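Trainee: These protein sequence lines are chains A and B, in that order. Residue 1 is where the first sequence starts when you use the UniProt record's numbering, and the numbers rise one by one after that. Residue 1 is where the second sequence starts when you use the UniProt record's numbering, and the numbers rise one by one after that.
Derived by calculation from the structure, the hints in this document are not laboratory data. For clarity, every value in this text was computed on a predicted model and none was experimentally measured. For each residue, glycine too, the CB sits at the ideal point set by N, CA and C. Among the hints, erroneous ones may be present.
As the list claims (entries may be wrong) - Chain A stretches covered by chain B per the calculated footprint, using a threshold of three residues with CB under 8 Å from any CB of chain B: (1) 20–29; (2) 51–64; (3) 95–102; (4) 113–127; (5) 136–148.
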Amino acid sequence: MLTLTKDRALALAMLALTGILLAETRNIAPPTSWQPYGSALFPQILLGIIAVLSLLLLLRTFFVSPADRKDEPDRPRRSLAAWIRHNGTVLSLFGLFGLYALLLPLIGYLPATLAFLVTSLALLLGIDTRRKWIINLTVSCTLAPLVYVIFRFVLNVWLP
Amino acid sequence: MADFFLQALAQVGTPSVLLLILIGVLFGIIGGSIPGFTVTMAILVVFPFTFAMDPVSGVSLMVGVFVGGYSGGIVSGVMLGIPGTPSSITTVYDGYPMAQRGEPGRALGIGVAASFIGTLISVAVLVYFGPLLASFSMNFRPWEITALIIFALTLVAGLSHGALLKGLLAAALGLLITTVGYDRNSNLRFDFGFDALGAGFEMLPVMIGIFAFSQLMGNLEKLRDDPQSAKGANTNVAIPYTLILRDMAGQKLNTLRSSLIGSLIGALPGTGGTVANFVSYDQAKKFSRHPERFGTGIPDGIVASEASNSAVAGGAFVPTLALGIPGDLPMAIMMGVLILHGITPGPLMFEQNPVLVGAIYASLMIGAVVMVLCQLLLVRWFAKISLIPQQVLVPVVLMLCAIGSYALNNNLFDVWVLFAFGILGYLLWKASVPLTPLILGVVLGNNLERQLFRALELESSWLTFLTRPLSALFLALAVASVIFSLYQNRKIQRLQADGATSRNA
């Protein structure tokens, strides 16, 4: 049975991206007499290269054994649910960062940064001991205002 | 030469710039000494702080981080047995055993002294060869520059740990990223109807997103899979100055050879400190009268490793300044700093901005002096700081990345760009795609397109790329680098297969 290895997933994703972007190049202004090469040529060349490389990558997964593919270590396959459980911390951190980007313009730099630091430190350090909470709050409450002061008053950069 | 250097020295010698170099060096050492943080990450974190500075101040701060970063790896290498940066892996071979033997101060002192000399020798190489290469490359026309960029990208892709196909794919993807937004003819590309995409992607959030997220999340995964990697250490260190002077006196040739190897390797695209410290350690062993003692905690190994990885600092500036082609990741970011300040690295930089070039020389030299003082006086503190857990570091660095991206244009869209490319970088890293060619592609994409079409506008035939000798040479080297990389991969596979067969026999 065919399995979706990392290399196959990468090659298929790249081929899909190439297809979408190649279609999109039709919306780019066509060449004119004073711009004989047009604006679409360079991305089209790159998309062609990416498509060829992706096809080679895909073909390699069928003809070269995983042991010989130095760049794709053979690891036990996991179900999606098991993979999400295994990578829960990293995925949660991505989620927290997305939330942080969302909150920055809504509630401003200081509250958003404090919220991001406290929650992400709690996620990574844990919340089971008093010492961890002290580290968490000390780092968050010191760094968030310090960065604000440096950007706002030393570098004259406005923060949201 | 003397005139612009004196002017540069006067600008770098002001208290505010000296303070910035000190801050840069301190931050660089701290960044380099924390395992998994790396010099590149230290540079990325400091980069946004240069936005509001004048070019000399910004570049001096960054050079400080660069010099400090390459020497910082020794701290955790000696104290914890974990290299702070990949460029100090071989420092651990002799530094850690020496520290385990009860001489951590001696190991650190030798490493710092070797780093100092290595940096100074590499500055001399830069001062001599930088202008030479720049004046030679003044003859480069668009055909040669296009071919040179293609060569640099294929070389970096080919050196991507046996992942040639993915390295080339990453380089092409990096180039493609730069095609979003208005192009040279003021035509829109790939905006998908979003106004914000009209201006294209800013280089900084793209670079930070791709590199920082994959690196930081990778560190967390490593910690999850191997909790033992976070170990403690005795940070009580005293530096035996007299003994170190005696040690260094016996290592003159080794120091010089390793520094020259580091400078040369630093000047080659796609290599950097990691290759430099392996090659120079290997050479020191070959030239040694007692090669069997390498790895047991002898000064020779520490000197070879630290002199070479620090010498990369000056060497790496040669192609970046003279050709506008960064050889590795830290240099790609350094080039981003220069572009951000309105300076285009390349042969013309030596004519148009000689004072800034001089400021880089001066900052490197002053940075080396500041580095040696900081390391010797504060090494105990750096050792303590290197124990900061990743769990604390990761959220703080992510926050700094977000604020740095925002501060670039006071634009929240850049934070979303950072996030999107963070996800992309992480996924590509999980798929074992090398990220250095991708970032180099992002840095060089606009120039490649500009030069390619300038060449075609001057001479419509594509064959001109092959009829001009230098352009043809660079393209031939690009093809050769791909073939060599394929050959190397085959050789490694054969060796692995032979190893597996002999194990099974």
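Trainee: Return the numbers of the hints above that this structure violates; sort them in rising order.
Mentor: none
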